[in-house]
Amino acid sequence: MIHVKTEQEIDLMREPCAIVRDTLAYLGSKIRPGISTAELDELAEGYIRSRGAIPSCLGYSGYPASICASVNEVVVHGIPGERYLHEGDIVSIDLCAYKNGFHGDGARTFAVGKIDEGKQKLVRVTEECFWEAVKNLRAGTPLYDIGAAVQAHAESNGFSVVREFVGHGIGREMHEDPSVPNYGKRGTGIRLKVGQVICIEPMILAGARQVRVLEDGWTAVTADGKPAAHYENTVVIREDGVEILTL
Numbered sequence: 001m002i003h004v005k006t007e008q009e010i011d012l013m014r015e016p017c018a019i020v021r022d023t024l025a026y027l028g029s030k031i032r033p034g035i036s037t038a039e040l041d042e043l044a045e046g047y048i049r050s051r052g053a054i055p056s057c058l059g060y061s062g063y064p065a066s067i068c069a070s071v072n073e074v075v076v077h078g079i080p081g082e083r084y085l086h087e088g089d090i091v092s093i094d095l096c097a098y099k100n101g102f103h104g105d106g107a108r109t110f111a112v113g114k115i116d117e118g119k120q121k122l123v124r125v126t127e128e129c130f131w132e133a134v135k136n137l138r139a140g141t142p143l144y145d146i147g148a149a150v151q152a153h154a155e156s157n158g159f160s161v162v163r164e165f166v167g168h169g170i171g172r173e174m175h176e177d178p179s180v181p182n183y184g185k186r187g188t189g190i191r192l193k194v195g196q197v198i199c200i201e202p203m204i205l206a207g208a209r210q211v212r213v214l215e216d217g218w219t220a221v222t223a224d225g226k227p228a229a230h231y232e233n234t235v236v237i238r239e240d241g242v243e244i245l246t247l
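Numbering follows the UniProt record's numbering, with no gaps: position 45 of the sequence shown is 45.
Because the hints were derived from the structure by calculation, they are not lab data. A few of these clues could be false.
Computed beta-carbon distance windows for the label pairs [what the hints assert, rightly or not]: (1) Y26 / Y84: 13 to 23 Å; (2) G140 / S179: 16 to 26 Å; (3) G113 / A25: 16 to 26 Å; (4) S36 / E239: 42 to 52 Å; (5) Q210 / G118: 13 to 23 Å; (6) E82 / E243: 17 to 27 Å; (7) R49 / Q120: 28 to 38 Å.
Glycine residues also receive a C-beta, built at the ideal position from the N, C-alpha and C atoms.
Turn these sequences into a full structure, and let the hints steer you where they fit.
In structure tokens:
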């Protein structure tokens, strides 16, 4: 069931979304060669709790950490641990915060030191895919126009998009209807309504689109071992455009 939010509910979502935004910026300032993903997770949990919020990911369906930290070939849901970051890596941080009865959700991909031109392009195009998706987005837009825009921009740059993992609605639950794929046929899907809040999150792969999930049941990696990037914001559908709560 799709839950259209009232203005009062959207106002309540602003704070957890701001905490997500600020936590991502804080972690970005700490990312450097030699830090472990476990250390980043500890920093994130402490920061989120210092703002009076709860890290939504911790314990979600048994997930053991406050953030997803996905390095290089890891697409999404990388579990923080004793993986140390090295010069030239990229790391995608995906996190959620819960406060005021609502969740906020966002993700960014960060460079660790100096990265090569291929990874630079991948990170840049992944963010561009988000902006292409929201460029003409407003009430009445067919849902799959979002994925069509992401897919077209990614593939025109020589990249591919994941099919197995998608964006989603968000509100009182971290994952709500509808699912928001990063691929699709323009002009199809439900028509978006004023007050819907969705997470648009391009997950873009440098190589082929096939992925596999490791034995831990969470970590999704590219089947060909090539790098992936992730960029996400929580977005409100408005009559004449969108409002981005995690910027």
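To see whether the hints hold, each was checked on the structure:
no. : hint                    : verdict
1   : Y26 / Y84: 13 to 23 Å   : holds, 20 Å
2   : G140 / S179: 16 to 26 Å : holds, 19 Å
3   : G113 / A25: 16 to 26 Å  : holds, 18 Å
4   : S36 / E239: 42 to 52 Å  : holds, 46 Å
5   : Q210 / G118: 13 to 23 Å : holds, 19 Å
6   : E82 / E243: 17 to 27 Å  : violated, 40 Å
7   : R49 / Q120: 28 to 38 Å  : holds, 34 Å
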